[in-house]
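Counting from 1, one number per residue, gives the positions in the sequence shown under the numbering used here.
By construction, these hints were calculated from the structure, which means they are not laboratory data.
There's no promise every hint is true.
As the list claims (entries may be wrong) - Derived DEER-like restraints, expressed as beta-carbon distance ranges:
{"no.": "1", "residue 1": "72", "residue 2": "24", "range": "27 to 33 angstroms"}
{"no.": "2", "residue 1": "18", "residue 2": "83", "range": "40 to 46 angstroms"}
{"no.": "3", "residue 1": "80", "residue 2": "16", "range": "27 to 33 angstroms"}
Here the structure is a predicted model, which means the values were calculated and not measured.
C-beta: ideal position from N, C-alpha, C; glycine also.
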Amino acid sequence: MSDETLQEHFKGFSSWKKGQAKPTLRQLEALAAKTLTPLGYFFLPEPPEDKLPITDFRTVGDGLIRRPSVKVDTILKELKELA
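When you get a sec, could you build the whole thing from the sequences and use the hints?
So this is what it looks like as structure tokens:
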């Protein structure tokens with residue numbers, strides 16, 4: 001999600017990003033929901049290492065392995081919980 005999109009939804013987003021202001025808990029919860037980010041991630045000193053829950057062998061040549069979208073990651077986590 002782009003910074004411009006987040007700024008449209010959260011008027012203080014640019015100030016939060018620059019460290020000039022802090023969001024309220026409700027604003028942070030809304031930001032977490034909008035970006036599909038667990039709320040606790042915002043309180044970590046650094047982002048956790050993202051590991052794919054499954055191996056992706058679908059590369060062409062020496063192409064880089066790209067990170068799947070947040071939606072794919074969310075679906076995989078939900079399916080894992082159902083198993």
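Hints and how they fare:
{"no.": "1", "hint": "72 x 24: 27 to 33 angstroms", "verdict": "holds (31 angstroms)"}
{"no.": "2", "hint": "18 x 83: 40 to 46 angstroms", "verdict": "holds (42 angstroms)"}
{"no.": "3", "hint": "80 x 16: 27 to 33 angstroms", "verdict": "holds (32 angstroms)"}
Figure legend: structure checked against the earlier numbered hints; every hint is met.
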